[in-house]
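Residue numbers (this note's numbering), protein chains in the order written: chain A, 1 to 224; chain B, 1 to 258; chain C, 1 to 54.
Keep in mind the hints are simulated off the structure, nothing from the lab. Yeah, the Cβ is synthetic: ideal placement off N, Cα and C, and Gly gets one too.
Label pairs and their calculated CB-CB ranges: (1) A:Arg159 x B:Ser24: 29 to 35 Å; (2) B:Asn245 x A:Asn27: 47 to 53 Å; (3) B:Asp163 x A:Asn27: 28 to 34 Å.
Partial pick of chain B residues on the chain A-facing surface, computed with a CB cut under 7 Å: (4) Phe149; (5) Ala156; (6) Phe161; (7) Arg169; (8) Ala170; (9) Leu173; (10) Ile184; (11) Trp192.
Which bits of chain C does chain B cover? Going by a derived footprint, with three or more residues having C-beta under 8 Å, they are: (12) 9 to 15; (13) 20 to 33; (14) 40 to 54.
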Amino acid sequence: MSLRRATAAVFRRELQLFARRKSDWANPLMFALIVCALFPFAVGSESERLRLIGIGVIFVAALLAAMLSLPRLFDEDARDGTLELLLMSPEPLAALLLARVAAISLVLGVALALLAPLFALFYALPMTVAGVLALTVAMAVPTLLLIGSIAAALLVSARGGAILTAVLVLPLTIPTLIFGAGAALRVLQGESAASELALEGAILLLALALCPPAAAAALRISTD
Amino acid sequence: MARSEQQSNERYGGRWFWRYASPSAFFAPAGRIETLCWVLAAVLAAIGLYLGFFVAPTDAQQGEAYRVIFIHVPAAWMAMVIYLAMAFWSLLGLWLGTRLSFMMSHALAPTGALMAVLSLWTGALWGRPTWGTYWVWDARLTSTLILFFLYVGYMALAAAFDDRRKGDRAAALIALVGAINVPIIYFSVKWWNTLHQGSSVRPGSSSMATIMLAAMLIMTFAFWAYSIAAAMHRLRTIIIEREGNAAWLRASVLGGKR
Amino acid sequence: MNWGSWSAFWDMGGRGLFVWGSYGALLIMVITELAALRHTRKAALRALQEDHDS
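So that you can see chain A by itself, here it is in the shape it has in the complex (with noise of 0.2 Å):
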């Protein structure tokens, strides 16, 4: 089997997932919506206040919500014996699970960018700045999947894996959050956002270069 179509096939699996058990991305969304529904009852009901910490909750929120969906990444895998099966393929493990993370990407990356603008409109947010916001939030998931699929590929056979997923993921993604979140501002205070975006895809890049090998690598040290 070529590469291209190995890819391919794990691409489509787990789309295929996907379509079969809605809960996967079902309940990532909610748990995004439930957050941006509970900040106002913390800080009150103002525009003005809400407008000054809506893009940061909205950010944050759709990052936990990926983060959420990371031990689906390789728990069920390990435990019906499919892991054992890419890892014995003789395709790079590395396109492999890059394959993987687009799948999720495309799902979640997609779905929650689409709900951002409509998280938005909670936050009385301008609609030239849910635009942008959207835009991050589809390039800041993927960033997110492919740095946690890292932590994700080490943890899959260790103790209490949830919970430290998040504290060696989170602080990683601070830069990813920076760029995204200070797009959306800079739109917010009426200026352009073109270099928060462009460093914000740079940093796609480079986690698009950078985890998949060491992704690999992570599952070796931690199935073999």
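Since the structure of chain A is already known, use the hints to place chains B and C on it.
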């Protein structure tokens, strides 16, 4: 070259220091380094504190509060240096597969985390009288906080595995991932700081009097010696824990008690 | 010499709380770490000894 040394060179691939990549060979030297560094740390700290408190004059702008600097700056430096050392040993361990390298990483991590906490705590107590606030989201402070998170993540990950070999390599990988991220985080936080003009107070780079600088540098060397001594002690403990079955270890540790 | 009396030394020009709060934290942390080092070493040696005796 002495004959035995030559033999050992041949045996260990031509470089004398490779011999010390073996826990059994490094156990005794580590003990000697430890003792030396405890003494150095105590002597240097005594000199540094004497200079810092009794010789260095009151700072014209900051009053007496600046004396916190004598431990704040060394702690901040050590937090950074120890992380780099940890990443270095992790890289070496993953690359060469040497057990001692992973042990070195494990031995360094708790002291590094302690330095990060100490740097944050003293930074807050220095910032309050100097800038009027315990905390600013300045690039240096924020990076130190994130460095602390990375230390915690490293230690938690190393502890999460029952299989020691896996834990070693997994923690080493995450140390490297962190090391690649630290500069990216630092520069993005710097960028973020210019975006949000809110925090106008930031650590100034005021020039220090020579005697103040001397006290701070001597304290830095004291911290350095302390960190090495603590790491060596922890390394020897790890060797005892892990190599418990080895005859040489039993002979050297339990020898007198038989 | 900087300080006229011990009370001036402890007062640190009115900043005693901050200065001694920092040095106190250093002292506590170093003592804690040294105690932890001792403790783990003793536990390791005990485990080795027990293993040896049995």
